[in-house]
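Colleague: Read off the chains here:
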Amino acid sequence: MTGCSDSCGPDHAGGCAVGDPALAELQSSGLDRREFVCIVAGCAAVLAGGCSDLTHTQYVRDRFRELTDDEQKEIVARIEKEQTARLGKELKVGVEKARPGVEFGYALDLSRCIGCRRCVYACVKENNQSRDPQIHWIRVLEMEKEKGIDFAHANPYYDAEQVPRPGHFYLPVACQQCENPSCVKSCPVGATWKEPDGIVVIDYDWCIGCRCCVSACPYGARHFNWAEPNVPTEEVNPDTHYLGNRPRMKGVVEKCTFCIQRVRNGKYPACVEVCPVGARKFGDLRDPNSEVRYVLEHKRVFVLKTELNTQPKFFYFFGL
Amino acid sequence: MKYPFLLSSALGLALVCACHQEEHRSWLADAAGAEAPVSLPDPELEVPPPPFTEGAFPCSDCHDPSVPPNTRRREMKLAHTEIKLHHDEEHRWCLDCHSVEDRDKLHLANGTLVEFSESYKLCGQCHGDKYRDWKAGVHGRRSGNWDGHKKYLLCVHCHNSHAPKFQPLKPLPPPTRPAPRTSP
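One line per chain: the protein sequences are D and C, in this order.
Residue numbers for the first sequence follow my numbering, beginning at 1 and rising by one.
Residue numbers for the second sequence follow my numbering, beginning at 1 and rising by one.
If you are wondering where the hints come from, they were derived from the structure by calculation, not from laboratory data.
Be aware that a few hints might be false.
Capping the alpha-carbon separation at 27 Å, the derived lysine-lysine pairs in DSSO-like fashion look like this [what the hints assert, rightly or not]: (1) C:Lys135 / D:Lys299; (2) D:Lys299 / C:Lys105; (3) D:Lys250 / D:Lys145; (4) D:Lys299 / C:Lys151; (5) C:Lys105 / C:Lys135; (6) D:Lys145 / C:Lys170; (7) C:Lys165 / D:Lys145; (8) C:Lys121 / C:Lys135; (9) D:Lys97 / C:Lys130.
Residues from chain C that face chain D, not an exhaustive set, calculated with beta carbons under 7 Å [claimed, not checked]: (10) Val100; (11) Glu118; (12) Ala136; (13) Gly137; (14) Val138; (15) Gly140; (16) Arg141; (17) Asn145; (18) Trp146; (19) Pro168; (20) Pro171; (21) Leu172; (22) Pro174; (23) Pro175; (24) Thr176.
By construction, the Cβ of each residue, glycine as well, lies at the ideal position given by its N, Cα and C atoms.
Here chain D stands alone, though its shape is the one from the complex (with noise of 0.2 Å):
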C-alpha cells in the first residue's frame, strides 16, 4: 500500500488488512484524518465485498463544494454511469461553477401573473421532480382581490375552465433563494449552502433526510422524498447538474436551483421561457442593463415576509 493521496482513485483500495502493521506506521507519518479514514474505508469496501470497481469517495468524501475538481469529475462520471444504466438512456451530470461576479436575482410580475400554472409543470419536466409521489416545486397561491396578500387564505388547490377568475389574484411562490437563508443555518450536516451566484443548492449525497431544513423555510419552498421518486424514463431530462436536476432518492430533499443547469449556461430558467404572460424575469442582480435591475430600479417591488430578514432574491412586482 502506498498511501492514500488526494487523487486517489480505485487502485487504492486494494492489499492492506485491517490492522496492518504498515497502517500505524503511515498514521505516525503524519495523514490527517480524512486520509486516514479513506484507508480504513477502503479496506473495508475490499474485505466487505471484494469488489474492485468501488471508489473510496462511493464510502468516504468531503463536502461536494470542498472536494477539489478532479474528485467531482470522479463522482459524476459514477453518478453518469449509474443512472445511465438504471434508465436506460443516456444522462449528463454537469458541474458548472457560479460564474464571478454574478449574481441571480428573479422578478414576477404579479398583475400580469393569471395562474395557468404553466411554470409548474415546466419546472416538473426540466427537473425530474417525482410524478407519482408528486412534488412541485412552485406553488402558484389564489387569493381574493378585496383581501389582498393573505397567505392565511390562499388557496393553491383551485380548479376552473378558465382563469384569471373573477376577483382572484395569483401568486406563485418557489425558492426566494434568500441571501440569509434560514434552511442553510438549520441543516445539522452542511448538505445545503448558498453558492457565490446566489443559489441556495442541496447536496442530495450528503442530506441525511431529517427535514430541518423544510421547517425551517418560511417559504414552503423546500419538498421531501417521503418515496422513492417516481419519474418515466422517457420523461426524464438528461441535461443535469450535480447540484440540481440529476435524479434524487428516497429520502431526500429537494427545491428550486433557478434551473441551475440552464442558468450556468446562460440560458433562462424553465419558467421564465414557459410564462404565456411574461411574467418572469430573470437576470444578473449585478448587470445594470439587465432586465431584474429594470424591474427593481422602474417598478413598485417587494419580497415576501420581510419582517424575517431572510432577503430573498426573488422579487414581486406590479407592472402596471
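We have chain D already, so just place chain C on it with the hints.
Modeller: Below, chain C without anything else, positioned relative to chain D:
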C-alpha cells in the same frame, strides 16, 4: 449610362457612409416623389415574423392599387367579416393603422410607413409605457440568453391587434392534496 462617375461616387458614399442613413433615405424618398417617409428597422430588436392569417399577406394581392380605395368609415360586409374590432372601436377603424397608400404596410399617426414586422412602433404610439418596458425586456416574453443574445416577440404574437385583451386560459391541473392523516 450617361453619368457613370455619379454612380461610382454614389456607390463610394454608400460604402463609407454609415451615419445619417435616415436622412439619406428620406432624401431619396423625396427625390423619388414619394410622400410618406418609411421607418427604418431597429437592429437591436430581433423579432420573429408577424403571425399573419394564412393567405392574408400581401394585402395588395386583393387590394389592387390601381382601384381607388373607399376611405369612408363603414362596416365591412364583403371581406374581413371575421374581424371584430375591440380596440377603442369607438374611435378607430382599419385605416387608422393600415396604410391606404401602400396596402402592404402600416402607418404611424404622422404618416410614416411601417412594415408589419415592426408593428411595435405603431402600438408604441399609444402604449408608450408598455413599449418602453418591452424594449427593456420587461413587458412580454423574451427568449434567448440572460447573458447575451435575446429575442423578442411582437406585440401581436400575444395580443390580437383587433382585440388585444389577453384571452383567459384553462389552468393545468391543481396539485394533489396530501393524504389524510391516519390515526395510529
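Colleague: Taking the hints in turn, state whether each one holds.
Modeller: To see whether the hints hold, each was checked on the structure:
With a C-alpha separation of about 15 Å, the suggested pair C:Lys135 and D:Lys299 falls inside the 27 Å cut-off, and the hint holds. At roughly 35 Å between alpha-carbon atoms, D:Lys299 and C:Lys105 are farther apart than 27 Å, so this suggested pair is violated. About 40 Å separates the Cα atoms of D:Lys250 and D:Lys145, which puts this hinted pair outside 27 Å; it is violated. Proximity of D:Lys299 to C:Lys151 is assessed by CA-CA distance (about 23 Å); at most 27 Å being required, the pair is judged to hold.
Taken as a hint, the C:Lys105 and C:Lys135 pair is honoured in the structure, with Cα atoms around 22 Å apart against an allowance of 27 Å. Distance check on the hinted pair: D:Lys145 and C:Lys170 sit about 20 Å apart at the alpha-carbon level, within 27 Å; holds. Between C:Lys165 and D:Lys145 the alpha-carbon distance is near 20 Å, which keeps this suggested pair within the 27 Å criterion. Of the supplied pair hints, the one linking C:Lys121 and C:Lys135 holds, its CA atoms being roughly 11 Å apart against a limit of 27 Å.
About 36 Å separates the Cα atoms of D:Lys97 and C:Lys130, which puts this hinted pair outside 27 Å; it is violated. With 7 Å as the threshold, the beta carbon of C:Val100 stays out of range of chain D, its nearest partner Cβ sitting at about 33 Å, so the hint is violated. Proximity of C:Glu118 to chain D is violated relative to the hint, the smallest CB-CB distance being about 19 Å (cut-off 7 Å). Using the Cβ-Cβ criterion of 7 Å, the hint placing C:Ala136 at the interface with chain D is satisfied: the shortest such distance is roughly 4 Å.
Among the interface hints, the one on C:Gly137 holds; its C-beta lies about 4 Å from the nearest C-beta in chain D, closer than the 7 Å criterion. Among the interface hints, the one on C:Val138 holds; its C-beta lies about 5 Å from the nearest C-beta in chain D, closer than the 7 Å criterion. Below 7 Å, beta-carbon pairs count as interface contacts, and C:Gly140 has one with chain D at about 4 Å; its hint therefore holds. The interface hint given for C:Arg141 is met, as the beta carbon of that residue sits about 4 Å from the closest beta carbon of chain D, less than 7 Å.
A hinted interface residue such as C:Asn145 counts as satisfied when its beta carbon comes closer than 7 Å to some beta carbon of chain D; here the least separation is about 4 Å, so the hint holds. Checking C:Trp146 against chain D: minimum C-beta separation of about 5 Å stays under 7 Å; hint holds. Here the hint on C:Pro168 is kept, as its CB sits about 4 Å from the closest CB of chain D, short of 7 Å. The beta carbon of C:Pro171 is positioned within 7 Å of a beta carbon in chain D (closest approach about 5 Å), and the interface hint is therefore held.
At a threshold of 7 Å, the smallest CB-CB gap from C:Leu172 to chain D is about 4 Å, leaving the interface hint in force. The beta carbon of C:Pro174 is positioned within 7 Å of a beta carbon in chain D (closest approach about 5 Å), and the interface hint is therefore held. Because the beta carbon of C:Pro175 sits about 5 Å from the nearest beta carbon in chain D, less than 7 Å, this interface hint is met. With a least beta-carbon distance of about 5 Å to chain D, the hint placing C:Thr176 at the interface is held under the 7 Å criterion.
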